[in-house]
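Protein chains in written order, with the UniProt record's numbering: chain A, 1 to 308; chain B, 1 to 308; chain C, 1 to 308; chain D, 1 to 308.
Since the hints were derived computationally from the structure, they do not count as laboratory data.
Where hints are given, some of them may not hold.
No copy is singled out in the list; a pair is fine if it fits within one copy or between any two copies.
Result set (DSBU-like, lysine-lysine): computed pairs, CA atoms no more than 30 angstroms apart in a straight line [claimed, not checked]:
1. K26 with K41
2. K108 with K294
3. K26 with K294
4. K294 with K41
5. K41 with K108
This one's a predicted model, so the numbers in the text were calculated from it and none came from an experiment.
4 protein chains.
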Amino acid sequence: MDTATHFTPILEQVLEEVRPLTLHGKVASYIPELSHIDRSKLGMALYLPDGGIYTAGDAHERFSIQSISKVFTLVMAYRTLGNALWERVGREPSGNPFNSLVQLETDKGVPRNPFINAGALVVTDILCSQYVNPHLAILEFIRQVSGVPDINFNTRVARSEAQHGFRNAAMANFIKSFGNLKAPVDNVLQAYFHQCSIEMSCAELVRAAQLLVHYGTAPGVSEALLTPSEVRRVASIMLTCGTYDAAGDFAFRIGLPAKSGVGGGILAVVPGRMALCVWSPALDVHGNSLAGAKALELFAGRTGFSIF
Amino acid sequence: MDTATHFTPILEQVLEEVRPLTLHGKVASYIPELSHIDRSKLGMALYLPDGGIYTAGDAHERFSIQSISKVFTLVMAYRTLGNALWERVGREPSGNPFNSLVQLETDKGVPRNPFINAGALVVTDILCSQYVNPHLAILEFIRQVSGVPDINFNTRVARSEAQHGFRNAAMANFIKSFGNLKAPVDNVLQAYFHQCSIEMSCAELVRAAQLLVHYGTAPGVSEALLTPSEVRRVASIMLTCGTYDAAGDFAFRIGLPAKSGVGGGILAVVPGRMALCVWSPALDVHGNSLAGAKALELFAGRTGFSIF
Amino acid sequence: MDTATHFTPILEQVLEEVRPLTLHGKVASYIPELSHIDRSKLGMALYLPDGGIYTAGDAHERFSIQSISKVFTLVMAYRTLGNALWERVGREPSGNPFNSLVQLETDKGVPRNPFINAGALVVTDILCSQYVNPHLAILEFIRQVSGVPDINFNTRVARSEAQHGFRNAAMANFIKSFGNLKAPVDNVLQAYFHQCSIEMSCAELVRAAQLLVHYGTAPGVSEALLTPSEVRRVASIMLTCGTYDAAGDFAFRIGLPAKSGVGGGILAVVPGRMALCVWSPALDVHGNSLAGAKALELFAGRTGFSIF
Amino acid sequence: MDTATHFTPILEQVLEEVRPLTLHGKVASYIPELSHIDRSKLGMALYLPDGGIYTAGDAHERFSIQSISKVFTLVMAYRTLGNALWERVGREPSGNPFNSLVQLETDKGVPRNPFINAGALVVTDILCSQYVNPHLAILEFIRQVSGVPDINFNTRVARSEAQHGFRNAAMANFIKSFGNLKAPVDNVLQAYFHQCSIEMSCAELVRAAQLLVHYGTAPGVSEALLTPSEVRRVASIMLTCGTYDAAGDFAFRIGLPAKSGVGGGILAVVPGRMALCVWSPALDVHGNSLAGAKALELFAGRTGFSIF
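Work out the full structure, taking the sequences as your base and the hints as a guide.
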């Protein structure tokens, strides 16, 4: 690319091309608070290492980040435990849907990776051992690395997740039965449902992701949060495990480390090169934003940001 | 057999032969209350259609009936729902350990049969819809059909099960996530942990089983509890599913419909012919009483009570 | 029942009642030779310990016995190896369709029971070690125990099975990879496809089953083929495993040890009491004869032959 | 890195550091021809886009490339079918060992990706439809892209694989039963066993891989073999699926698209940047070269060739 000034038109062009896809797919409906979202919402934001942020569409409107929060809790837990983290959770793709309990039985309570729900519960449990109020610690961390002090939970969403979260409760109890949760099940679930309910915009998410773009450092944070090597490893897990059981297809089509959420957001990061976030609420069968994935594919194809 | 008077010596002889086996196997240890049991306990009781009861060894000492309670809750739920019961739970052997969640995922929350834990939770849920205090209703039912008014829960065991019952909590939440539990998860678990904690002796268990021996009627109960055809069907499920993933081996070696519990009891019933109960706390790898199973095998071989 | 003379009218009555069901279900279509069968065929035969044979409908017309042959090869292999047989094959229900490879992987090449295809291949392999021409030995055995010298293979069916038998070839190779087939894969498959292609009538099948009715002896055979205890054990495996993944439902509804084949036949046996065979080509989703199963259920209900 | 001249010392240094690891792990022993290899063999070769080749240790000694051949057959089949290839085989990590049949049953004969054995058999089947002598076509292709005319099969290895290849035969028959093999099973297996038996050195493998380094073109080949986009996609599949069920761990630790073989070789490629091959015969539990993986990790860490 010649200069960064070209990125806004590319983002806008990409959004126009994928806009027809927002009519397809399904908005997440397992809790009422998510199902009422306007499916025509579509936004995108790009962060470059020089600090430049480029946006298009609804890039400044907040949405439920849901599983994208798992990137930030992983960073927090990785900081806390270092490589001991990998005794509690694996880093292999699961080959199964995000909420499957089957592998957990075979693997005796050690989830395959930190981005399936089971793995994220273990990561959250680690934070429960570390903080008195883990959900507040998570929120504070995200505010700090993004530099946006008014990011917050949507407590209605958190409450609704708790009311409908039988599958997650099953998983937490199951992991506990294998001894791989230390905190009480309800504490872990509360923290987990809260982290999922955090609301951010595309622009805020790419700002929060700058800690990965800058190999572990963030503007308002004095010390390095992770080492460059640890950042690369987070990125590798995003690539191989970040988009549920479609991670292979994502790597194939898009070639970017990415983490998606059922709120319709997808956050992609290439350390040293960029962070990119897209939001479109309607999901494909794997639970990834349908138009969002296509937007990432088009953008990566045109800009050469693919890691391959 | 010539006359019933021969049965006591046979029971005694069988117990002597299997006594060395009480040194092998493992007493259930997942809750402290069960692990402290004296592994040398060994008792057996036989009930015949003429009302005769024959006992040997520790046949009058109470123990934790655990999963044997599933026979009685099945009878209660079958009475309540009739064949509609089979829309909520199957009647196929599972081919998997009693507490596996794998099949539940494949089968979308409909447990394979009422004798694996998942199926028993659904059965208990049915009773939760029927009774304000399901655990008391279960206790009352067992007191009534056995004619023993002082049978009771062991509340320490029930509490301990609740404290360590993460696997059952996982299963209940998982079934709830598929919509196959109607009552709140905690209510179902409470009733379930209580029913498992009921304490009865071999002699009391065969008396409670007379409702199956007599094709649905019990002495102190004015109306028929089940039809003869329904009783045969309960017996068939005991044969194919009553001893966890060793049911085929049980049918092969012993040839009696039976239900075992991790307290070390096994209750066997042949409608129209007899009820037989054995107790020895140490379990084999499948969770069935090791000496108890051998005792049933020897007794069935010598008396010709096998159904095959 | 008062006297045996009553049985023919019951058989006829039962066939009339189930005849409408022959319009439902699906005739096996994986090889052309089976798919061309007339779905209105319907026959039934009963053998009693006194030697009496009672028949109705198309009871004297031969059909492809398919998996019913597994009963006879099991008897042959059990004779050969005795209890050492159970080191090569289990006796637990599988909980999975008859041709599943999944459990075989978990169980390291030891099939769950001798009546799923994998188990029958191991049984046939045992006969391959015993006989130079195992398929002829199997045929000769069936001719002998039934006393019908002109029973034969349908070689077109055997050839067609071989041409379309990729799933069985997969299974045989898979078992071989675990070391649980001794003979060359092709030999085992050839013998297996031949045994499945044998054609017999209901009347001939109940005559062949008299060896189980008479606890191991057959008229034209001087020595006992199995001990009474072994016969009971074969019957128990028929009950728990004889009708694919519907064995629990069969035990529940019908209460008879039985083995079905995709040719539409079902052979039921109660040692000491009777053998019963029904034939109707259209199958239910589990691969068992639809009208045939209902006929067994009605007959068992009316005559009290159920083992429960 | 400053200049390419620095690479040979780095390769040599890395080999010295990992040499103690060659004492650990296990040489593949499922066929005698592989088990006799000298476990102290250790070699490494690097190819850079400017055509430079750097080698260390036993980089010029040929070994059995085994599954590394799957990279080349994938390129051939991708050329032939284009994106229609993905109707026959997926591109998702499997989460299971390389030779598992479990997923194949769930996925109805469409293997998860072209690098597990099942997927490679489908790829080879595609070549069987394309070429009269597919094994010769594969050999010719590898000779051509590497520019080494005397690369050849080890026919003893090919024959031995055929004699012990029951698991692969099981898989091929299983896929055929779902209709996803077109050629006769034996033809596919023959071609497959031959491609696995090809012998090449590290230096030859990185030369063959230049077609990926140069985004689809190779020196002696007039036309482009793949488009740049297709090359990136092959690389993405190598990253997510190239090292069996350890692909996530490989991406995490090493960060290079790579394909391993049980002969002890691992070929890594970053399009536009380099090809790297290592050989050490002893394998870890996942079937990847133990010392080889460590060598890649050290080299990637020191040179910054990681894609993350």
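Verification of the hints:
1. K26 with K41: Classified as within: same-chain Cα gap 13 angstroms, cross-chain 49 angstroms, threshold 30 angstroms.
2. K108 with K294: Answer is between; shortest inter-copy Cα gap is 28 angstroms, intra-copy 37 angstroms.
3. K26 with K294: For K26 and K294, only the intra-copy Cα distance (15 angstroms) is at most 30 angstroms; the inter-copy one is 44 angstroms.
4. K294 with K41: within (15 angstroms within a copy, 47 angstroms between copies)
5. K41 with K108: Classified as neither: same-chain Cα gap 41 angstroms, cross-chain 33 angstroms, threshold 30 angstroms.
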